[in-house]
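Peer 1: Residues per chain are reported as follows:
There are 2 protein chains.
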Amino acid sequence: MQLDLTADAVTLTRQLVDIESVSLDEREIADAVEQALRGQGHLEVTRIGHNVVARTDLGRPERVVIAGHLDTVPVNDNLPSRLEAGVLHGLGTCDMKGGDAVILRIAATVPEPNRDVTFILYEAEEIAAEHNGLGKLASSHPDLLAADFAILMEPSNAIVEAGCQGTLRVEVRTTGERAHSARAWRGVNAIHRAGEVLRRLEAYEPRRPVIDGLEYREGLNAVFVRGGVAGNVLPDECVVEVNYRFAPDRSEAEAEAFVRKFFAGYDVSVTDSAPGALPGLDRPAAKAFLEAVGGEANPKFGWTDVARFATLGIPAVNFGPGDPMLAHKQEEHVPVEHIERCEAQLVRWLTA
Amino acid sequence: MQLDLTADAVTLTRQLVDIESVSLDEREIADAVEQALRGQGHLEVTRIGHNVVARTDLGRPERVVIAGHLDTVPVNDNLPSRLEAGVLHGLGTCDMKGGDAVILRIAATVPEPNRDVTFILYEAEEIAAEHNGLGKLASSHPDLLAADFAILMEPSNAIVEAGCQGTLRVEVRTTGERAHSARAWRGVNAIHRAGEVLRRLEAYEPRRPVIDGLEYREGLNAVFVRGGVAGNVLPDECVVEVNYRFAPDRSEAEAEAFVRKFFAGYDVSVTDSAPGALPGLDRPAAKAFLEAVGGEANPKFGWTDVARFATLGIPAVNFGPGDPMLAHKQEEHVPVEHIERCEAQLVRWLTA
Chain A
1 MQLDLTADAV
11 TLTRQLVDIE
21 SVSLDEREIA
31 DAVEQALRGQ
41 GHLEVTRIGH
51 NVVARTDLGR
61 PERVVIAGHL
71 DTVPVNDNLP
81 SRLEAGVLHG
91 LGTCDMKGGD
101 AVILRIAATV
111 PEPNRDVTFI
121 LYEAEEIAAE
131 HNGLGKLASS
141 HPDLLAADFA
151 ILMEPSNAIV
161 EAGCQGTLRV
171 EVRTTGERAH
181 SARAWRGVNA
191 IHRAGEVLRR
201 LEAYEPRRPV
211 IDGLEYREGL
221 NAVFVRGGVA
231 GNVLPDECVV
241 EVNYRFAPDR
251 SEAEAEAFVR
261 KFFAGYDVSV
271 TDSAPGALPG
281 LDRPAAKAFL
291 EAVGGEANPK
301 FGWTDVARFA
311 TLGIPAVNFG
321 PGDPMLAHKQ
331 EEHVPVEHIE
341 RCEAQLVRWL
351 TA
Chain B
1 MQLDLTADAV
11 TLTRQLVDIE
21 SVSLDEREIA
31 DAVEQALRGQ
41 GHLEVTRIGH
51 NVVARTDLGR
61 PERVVIAGHL
71 DTVPVNDNLP
81 SRLEAGVLHG
91 LGTCDMKGGD
101 AVILRIAATV
111 PEPNRDVTFI
121 LYEAEEIAAE
131 HNGLGKLASS
141 HPDLLAADFA
151 ILMEPSNAIV
161 EAGCQGTLRV
171 EVRTTGERAH
181 SARAWRGVNA
191 IHRAGEVLRR
201 LEAYEPRRPV
211 IDGLEYREGL
221 NAVFVRGGVA
231 GNVLPDECVV
241 EVNYRFAPDR
251 SEAEAEAFVR
261 KFFAGYDVSV
271 TDSAPGALPG
281 LDRPAAKAFL
291 EAVGGEANPK
301 FGWTDVARFA
311 TLGIPAVNFG
321 PGDPMLAHKQ
331 EEHVPVEHIE
341 RCEAQLVRWL
351 TA
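Keeping their order, the protein sequence lines are chains A and B.
Taking this note's numbering, the leading residue of the first sequence gets 1, the next gets one more, and so forth.
Taking this note's numbering, the leading residue of the second sequence gets 1, the next gets one more, and so forth.
Careful: at least some of the hints might be erroneous.
Just so you know, same-sequence chains aren't split out, so a pair can sit in one copy or run between any two.
As the list claims (entries may be wrong) - When the alpha-carbon atoms are kept at most 20 Å apart in a straight line, the in silico SDA-like pairs for lysine to any residue are as follows:
no., residue 1, residue 2
1, K329, Y266
2, K329, G231
3, K329, A179
Don't read these hints as lab results, they were simulated from the structure.
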């Protein structure tokens with residue numbers, strides 16, 4: 001399959017969608033992307049695994065990253081693509097081959113951008129973090145990712161979503177003593193002790209800090225609860241699994257300290273943690289980008305790969321065609337207008 | 001295998017223990033019991049399934065039942081029996097072949113009891129209620145079970161445990177609305193809503209009614225809690241499974257009404273219910289029995305098959321050799337002295 005970078009972005013999106021590329025099966029699409037980019041004389045192309053990095057090297061004072069993942073969630077009777085009344089339907093149209101097409105179009109049609117650009121198309125974003133291509137590059141080739149600002153073309157309704165909130169998962173454990181439920185006074189019920197844990201969660205008031213003019217909204221939620229031994233036994237353990245989504249003005253350590261204090265008196269163990277990312281809208285490249293897209297930006301509540309840039313010290317935003325609520329749904333689709341608008345705004349920013 | 005009813009009760013216990021009789025595999029032991037009882041000319045013997053009923057028919061004004069189950073929980077490297085320093089070890093020694101041996105000894109050695117006696121040795125007590133031999137007899141041949149008083153020879157440390165508490169199991173369900181945990185304000189967390197359910201349970205004060213001079217102790221306990229969809233989703237359902245153990249002055253309907261009122265405002269559904277049994281220590285046969293064993297009686301907190309007699313209008317007590325806390329344990333055992341004492345006391349009661 002050859003990609004035609006002279007075609008319009010919607011046609012290119014369809015070409016990308018019709019190359020099946022479920023996570024861990026990205027060879028074909030990465031080959032096509034690599035070949036297409038190597039055909040652009042102004043770009044320096046590097047292939048690492050099924051990740052393709054293409055860079056301009058014009059000696060500009062600023063460098064920006066524009067990145068997108070090539071993989072999709074599993075096929076669900078939603079291929080090939082189908083264009084209908086200005087909307088492109090099919091697996092990956094929204095998450096995120098519309099964004100990938102915009103990246104390839106910019107790479108091909110803006111040979112002399114006003115900022116140096118690093119285009120990154122990577123593998124395995126939809127599965128466990130250990131496989132994530134961007135994460136691997138960040139570890140093995142941080143120099144390749146170096147930049148002043150990054151745009152991740154995850155679906156955001158073609159509106160800038162800046163930064164992202166961090167996520168921390170903890171297990172809050174209560175213990176007791178087993179006893180036959182007919183002789184309850186001989187034991188201590190660990191599930192009853194979890195009542196206070198849930199009561200605190202119910203009374204929790206989320207913090208809503210404003211950062212770079214964007215209001216984030218934290219969240220502290222039980223996502224699982226489990227306990228019980230048998231239908232006639234007082235349980236000696238109960239575990240409440242809690243997910244804390246924290247605004248990017250808090251570090252992972254601060255988030256953990258908050259949760260430990262919140263559950264003071266209980267056994268708290270961290271099972272999972274990922275930092276947030278500051279919006280960084282005060283950086284010159286970001287300011288110019290915001291202007292180019294009309295000045296509108298929202299905070300990003302969910303965790304995305306922008307946080308991987310943040311850990312490299314690179315502020316990053318999500319900005320891509322498609323509604324994020326449609327990602328991973330069988331009926332995912334993207335308005336053609338989103339793709340065209342994203343492309344036009346990025347071109348304006350890089351050529352102004 | 002032939003049982004020797006002229007042997008002492010301890011020897012007879014060993015004989016019974018050494019006939020493997022895990023639930024649903026009681027043919028051999030029931031055959032042996034049936035054959036031994038048919039050898040007693042003063043008894044009218046009926047075999048139904050692997051249940052053996054043997055009755056005196058002396059026209060006494062009172063009739064009492066003495067009953068025990070023949071099955072055991074699965075073998076756990078604890079057969080054959082082993083007698084050591086006055087303690088008999090092995091599967092079923094405690095639960096409840098010591099009691100069965102006492103029944104067979106009384107049947108053989110007290111041909112003219114002062115009360116008519118119905119001896120019942122039955123199958124499948126250790127598994128799901130649908131298989132229970134006593135339950136089946138109560139349904140199919142209630143006439144065979146008719147009596148003024150019943151003794152179930154379940155292990156009770158050779159001390160009378162009167163009546164039994166009922167048991168009711170309910171699911172208390174909270175519901176909410178799913179949402180991504182990064183956008184918690186769009187949903188309602190069902191696990192948080194269960195906090196109040198657990199809080200009420202923690203504050204619960206058990207009722208301790210005195211019935212026939214015995215103080216019962218109720219219990220209301222969460223035995224399971226479950227909820228959760230995914231690590232990043234607000235759960236839309238949480239279920240707390242609660243076990244109510246209620247004193248025998250409450251009917252099942254009253255127990256259910258209490259629990260529904262206790263969890264007012266929540267969705268409560270009953271999953272399991274079994275009535276308690278009043279001690280009935282005011283009946284003449286029971287009074288005489290209590291005197292014969294020295295007047296000591298404790299309330300029975302756990303549920304046992306005595307409740308099956310209660311549903312037939314027959315007051316019943318637990319009274320048998322062995323520590324009930326050892327039942328179902330690999331190391332179960334019974335003091336020889338318990339077996340001998342139970343036998344002597346029953347003989348005294350039936351011959352006084």
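Peer 1: Checking K329 and Y266: alpha-carbon separation at most 20 Å within a copy, between copies, both or neither?
Peer 2: neither (38 Å within a copy, 33 Å between copies)
Peer 1: Give the relationship of K329 and A179 under a CA distance limit of 20 Å: within one copy only, between copies only, both, or neither.
Peer 2: Between copies only: 15 Å across chains, 46 Å inside a chain, cut-off 20 Å.
Peer 1: As a check of your reading, is K329 near G231 (CA-CA no more than 20 Å) within one copy, between copies, both or neither?
Peer 2: between (38 Å within a copy, 18 Å between copies)
When each numbered hint is compared with the structure, a violation occurs for hint 1 only.
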